[in-house]
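Join the two chains, each given in its own frame, into one complex according to the hints.
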Amino acid sequence: MGMFAATGLVVKLVLIVLLYFSVVSWGIIFYKLLQVYRANGASERFLEFFWKAKRFDAIGSQLDRFENSPLTVLFQEGYGELKRLQEKVVEKADPSIVSTDLGGIDNIARALRRATTSEITRLEKYLTFLATTGATAPFIGLFGTVWGIMTAFEKIGQSGSASLAVVAPGIAEALIATAIGLVAAIPAVMGYNHFQHKIKVLISEMDSFSTEFLNIVQRNFAGR
Amino acid sequence: MKRGLTARYPGPGGMFIVSFLCHAVALAIVANWNLFGELKPDETPVTYVDMVTLPVASPQSGTPAPAAEKAVEAPPQPAAPPAPPPVMSHPVQPAKPAKPAAKAPAAATPGNAKETPAAESNDFTQRMAKLEQLAQERRQAEVLERLKKKGTRTGMPGAKGAEAGSDYPTYLQSRLKDALKEVMVSQTKSPYVIATITVSPDGRIAQYHVEKGSGDPLFDDAVQRAVTLAGKSLVPPPGGAKFKGMFRFRPEGVGINK
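Line order of the protein sequences matches chains A and B.
The opening position of the first sequence corresponds to residue 1 in our numbering, with each subsequent residue numbered one higher.
The opening position of the second sequence corresponds to residue 225 in our numbering, with each subsequent residue numbered one higher.
This is chain B alone, in the form it adopts within the complex (with noise of 0.2 Å):
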């Protein structure tokens, strides 16, 4: 009798597949509603700075530094128009300063003489004038040498300065390793992709393809987040010709795949 009766008790077989659904719905509100939200880098844009030690005439040599700056800073709007911002190349300048170099003392000149009081000897002011010429053309000289000791270390690792740009491969390179770095996620050891990037005329990343994957989705993904993330700060290919290069990321950096 007693055993008819505690068999009407429900069980909780049916309660747990109650619970398993339960557990199935909030699930799929946490997978849906993203509650646990993504764990996506910083996307904003960054903006690259190179930092160049730019020859400034020493104020012991008795002329305003103005005039010096004037010298460096006025030969590049001559130079390659789209040049990208890293491969400001100071070699291509050698030729340009000397023109302002030899003005800097015909202007400089003007502003003695009128100091120089008229009674003066016309004698004094030319011999002030030929040495400040003689100074103005040493300084020049320093600067030019010291550009030509710089020659491929300035702008671009191994650029030659030629013409602005001539390094891209190397440029980009440095992008996707700055990006890489900031979106770097791996599972496996080491891993690495080898990777064609095609580079439109517009400075866009047209075209990724993977020619080896790593086998770890993690670092497959983080190296496509990579190059969509550097491909957001591009500048143009030289010559507005497509580019296309092939590069090999490993979490240590980007190689250049020849």
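The following block holds chain A by itself, in its conformation from the complex (with noise of 0.2 Å):
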């Protein structure tokens, strides 16, 4: 504390400034690893639950204990769809339309995809405040050790001593700024990495889920 107190005003501004990336970035990996674990569990248990069950109706009634999970948007997205094009044939009283009609799988497939998307970027949410922080605080904390360096330079010249005791206080509360930019950057860097990686396989597991559900609907519905 005391050697922030002695730090110049540009160096407490870096120092200010690389507290708040340290901060942000590990409010984001808290708020990441919540909502990516919670994800991966509802996931699983979502898509057990999915192959268990025999009828989407069934399923679209429990979707509330699977809410954390991607794919329970993705089966809401199709199943939605499926109902709408049900609807359409029920009020043209042509049984034929679905069977027939491929681009109903296709308006499916879409909103599938649309719906992957969508889970994809709110995902990766705040994962480029990461990045940035992970590219940029080691940065910023060179900026402030170069000039707190400086003005210990100046000062040294202005006392006229080159002891230790002059030298010393100056570079050490410059190298502060360093040490912080590097405590910000670390662990900004190992979340990014580590969410990149989860995020990845949950995108994978929403490709499998997407394709699965469009073979069951071709399957059941459009050969009625």
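Just so you know, the hints here were simulated from the structure itself, not pulled from any lab data.
Quick reminder that beta carbons are idealized off the backbone N, C-alpha and C, glycines included.
Worth double-checking, as some hints may not be accurate.
Stated by the list, open to error - Covered stretches of chain A (chain B as the covering partner; in silico rule of three or more C-beta atoms under 8 Å from a C-beta of chain B):
(1) 20-32
(2) 147-161
(3) 165-171
What the hints assert, rightly or not - Reference listing, derived: stretches of chain B covered by chain A, where coverage requires no fewer than 3 residues with Cβ under 8 Å from a Cβ of chain A:
(4) 425-437
(5) 449-459
Below, the structure is given as structure tokens:
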């Protein structure tokens, strides 16, 4: 604390910016940990439930149990689109429409793709801040250090003494900026890489689920 | 339907608060446990030694050097008792060396007499003794002359040599200057502090009062540390009295404020 108080204005500003980066990064890391791990757990439970269920409407009524899973959003979108197509068939009283019009399946595929994209966007939200922190915090810290050392040398020149007692405190104060920059950047980079990996796994799960969902729809509804 | 589900995901706001609290705790730990350490100057006691060139009799003059050393070393013993180390003013010595100088040849003579064979005449012995005495006296005169020439420059600057420790302010100024050099830190361009320092009869800093601060907290602190540091190795003021003086501290050095 004493060292912080002894630093110059520019180094203080740098330290405050780095502290802000660190606080926000850790907030994002905590948030993403909760989000990604809940999404993984809920997705596993949802897939288990999905393959055991016999009817889509039974699944649709139980979605609240798996609210954190991105797969439930995909199912909602796909199932919603399917229901709208069925309603259209009932309105026109022509049961052959779904079976002959392949555009119905395409509609469902598009709905699933849109839902996947929206879920990926939601999962990757705030990760760019982690990447920015990891890339820039060390440089911001380095800037603070360079500035601090410049000021320290200026003071040495003014005092006219080159003793260690005069030189060391200024340089030590300046180096704090680099240390805080690294403290902010290292967890951010580690968190970013970790969450990227987890999100990739979730994306591949969503792709698989979309394919399976379309297969089921085509198998059970298009051939009617 | 999708919006309803997505809205149930936890927001990052709460996590930012958690993160902020974690940082506050981490900073508190760092501050309280002093993990960075403090940049304290080395406060090991410093022993000051004044280098004085003592006049040594030339070996070519025929007299062994120890006799001359005795002549120079003997006088300080009866000098003023609590003389501070740097105030070892040699000009005090002038009156005294004459006695040992006179004794020296007397001490040397028996040795010479012992070495002289008994067969040699008394005349030769007396002549030798006279020559020895003459050489000794000349050497002593040279030594005294040299010491007189040095005058005020020995011991402390400006010392008159009339009494040991006669220039205590200059001595204290020198110690403060050395101490300030050790702990010097400043933020502003040319700060200065005027302070009154009282030294108790036992040589400790009894009072330190800042008459005018520099406005630079780092420099003010450095001055205070310098006074504390200097106070650890002070000799008592002369005459068993307390000393009070005003000093002006600058990054370049310390001056006596008259």
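Verification of the supplied hints:
| no. | hint | in the structure |
| --- | --- | --- |
| 1 | 20-32 | holds (count 10) |
| 2 | 147-161 | holds (count 5) |
| 3 | 165-171 | holds (count 4) |
| 4 | 425-437 | violated (count 0) |
| 5 | 449-459 | violated (count 0) |
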